[in-house]
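Note that the protein sequences, when read in sequence, are chains A and B.
Reading the first sequence from the start, the letters are residues 0 to 256 in numbering that gives the first Met the number 0.
Reading the second sequence from the start, the letters are residues 0 to 269 in numbering that gives the first Met the number 0.
Mixed in with the good hints, there may be bad ones.
Simulated pairs of lysine-lysine, DSSO-like, Cα-Cα distance not exceeding 27 Å [what the hints assert, rightly or not]:
(1) B:Lys189 <-> B:Lys45
(2) B:Lys200 <-> B:Lys45
(3) B:Lys200 <-> B:Lys189
(4) A:Lys157 <-> B:Lys249
(5) B:Lys249 <-> B:Lys189
(6) B:Lys200 <-> A:Lys251
Hints in this document: simulated from the structure, not taken from any laboratory.
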Amino acid sequence: MVLKSTIVRWRILGAALLLVMLLVSWQAGVVLFDVPGYLLPSPLEIAQALWNNHTTFAEHTLVTLGEVLIGLGVGILLGLALAVLMSWSPLLNNALYAPVLATQTTPIVAIAPILIIWFGVGLTPKVIIIAIFSFFPVLVNTLSGLQATSRQMVQLMKSVAASDWQIYRYVRIPMALPHVFAGLRLAAAAAVVGAIVVEWVSSTAGLGYLLILYQSRLNIDEAFATLVILMLLGVTVFALFAWLERRFSWQKRLGIE
Amino acid sequence: MAERDNGSGSEGRPLVSLRNVAKTYEVDGGSTVAALQSVSIDIADKQFVSLIGPSGCGKSTIMSIVAGLLEPSTGEVLIDGHPPARAREAHELGIVFQQPVLLPWRTIRANCRLLLEVAGLRSAETETRIQELLELVGLQDFADLHPNQLSGGMRQRAAIARALCLDPLLLLMDEPFAALDEFTRLQLNKELLRVWAQRRKTIIFVTHNIAEAVFLSDRVIAMSPRPGCVIEDLAIPLPRPRHPDVRYTKDYTDCVVHLQRLLESAIPVG
Chain A
0 MVLKSTIVRW
10 RILGAALLLV
20 MLLVSWQAGV
30 VLFDVPGYLL
40 PSPLEIAQAL
50 WNNHTTFAEH
60 TLVTLGEVLI
70 GLGVGILLGL
80 ALAVLMSWSP
90 LLNNALYAPV
100 LATQTTPIVA
110 IAPILIIWFG
120 VGLTPKVIII
130 AIFSFFPVLV
140 NTLSGLQATS
150 RQMVQLMKSV
160 AASDWQIYRY
170 VRIPMALPHV
180 FAGLRLAAAA
190 AVVGAIVVEW
200 VSSTAGLGYL
210 LILYQSRLNI
220 DEAFATLVIL
230 MLLGVTVFAL
240 FAWLERRFSW
250 QKRLGIE
Chain B
0 MAERDNGSGS
10 EGRPLVSLRN
20 VAKTYEVDGG
30 STVAALQSVS
40 IDIADKQFVS
50 LIGPSGCGKS
60 TIMSIVAGLL
70 EPSTGEVLID
80 GHPPARAREA
90 HELGIVFQQP
100 VLLPWRTIRA
110 NCRLLLEVAG
120 LRSAETETRI
130 QELLELVGLQ
140 DFADLHPNQL
150 SGGMRQRAAI
160 ARALCLDPLL
170 LLMDEPFAAL
180 DEFTRLQLNK
190 ELLRVWAQRR
200 KTIIFVTHNI
210 AEAVFLSDRV
220 IAMSPRPGCV
230 IEDLAIPLPR
240 PRHPDVRYTK
250 DYTDCVVHLQ
260 RLLESAIPVG
């Protein structure tokens, strides 16, 4: 245990060191080669932009975060429900396969304007699009997880006349958990991308909106600062699900790979 | 040497009865493949019967049909006078597969408890029974470990304990030791006999190991390759309780040689 935490500490230290080195060489490069600020701002300039506009950034980050969390929640529930239905009934599986695939092959940027015409510029089209982005990895991973139960395990359950629901409750769903968590992490990252896409198309607030605004005004420092926040937002949501996984996945708990 | 025995004997109604059970599968293009061809077997209560034969002779198909997991194309199966579905609802079946199929997130004890929970039978009394069975298979010190912390042989013992937890009438064992190494297999053969001596059940034991079948069974039923049918029903005249040294007696060797010849002649040379 002591050894493990030491290793983790070194790993974090290593990553931090690498980040610092990267920032220092970036800064040095910009200064040394006299790169113009409208092409590539230096880390210090970005930090300054962050500091000067921190209330604006906080406001818009909250808007995007709210959209991401609601959209992600809807997407996760949708993905889980569809996975259970599709694994339970071959008929539903066949019927839903094509429509589900269609949501992923249709360019979201193209349907976003239609959704905005239908639902206005409010929260609804944003939630729908983020859900479309995030339900798919949950569905695919959960589905393969639900099918990971061996045929013999199912036969064993049926030998005591277990109901379908009991087979799901005792065996299939817990067996699927490691796959579900892998799907959740992917969905979290996809949800942030979805939020930015829909804010780009049309919105009056959020980090995607800010990004468009700063770019159109050639406020490159601020645009880069927005990117930094987006990156941090994605990493934070990802880390949240990684934490949930460590906390709730039997596979992680038992150290089974 | 060994004489024929139809198993129904003088003990009244057989516990398991297969009447003209046949199974054909439909393959692509509407043609059918016969897996089993009119099999009739009666198995008396508390009898240890092995089904033996080359792969593809339908022994596992018989197992699935007896467990009610597969419907026969023709014929019927009765367990204690009732169809298999009734036996499942009455929790009269215990199954052990080639793989232990334990749930990795449950401890060994909790794995044994699984079927009791599903059947809604969990109680203080069943907890005691689980403890006794774990002691019986020698896992009392490993009860609170997870399956990934146990060896293959130990996991298979856990699977046997789990199958006995519901105190079933009939134990179905589908090549339970085939995935184990030779030494572990022998060890578990001996242990199975010891367990069986204490928890006397009717056992149907599927194997492709002739020596194992003769050593364990009261009766060995040999089957031909596809379509499977019974080609020999051999009563094993070895005394009980069976000591491992019985494997060096003439009666034992006679049975093994007889079955060996029979099965070799039944398999087309390819």
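Under the constraints set out in the numbered hints, which ones does this structure not fulfil? Per hint list: 4, 6 violated.
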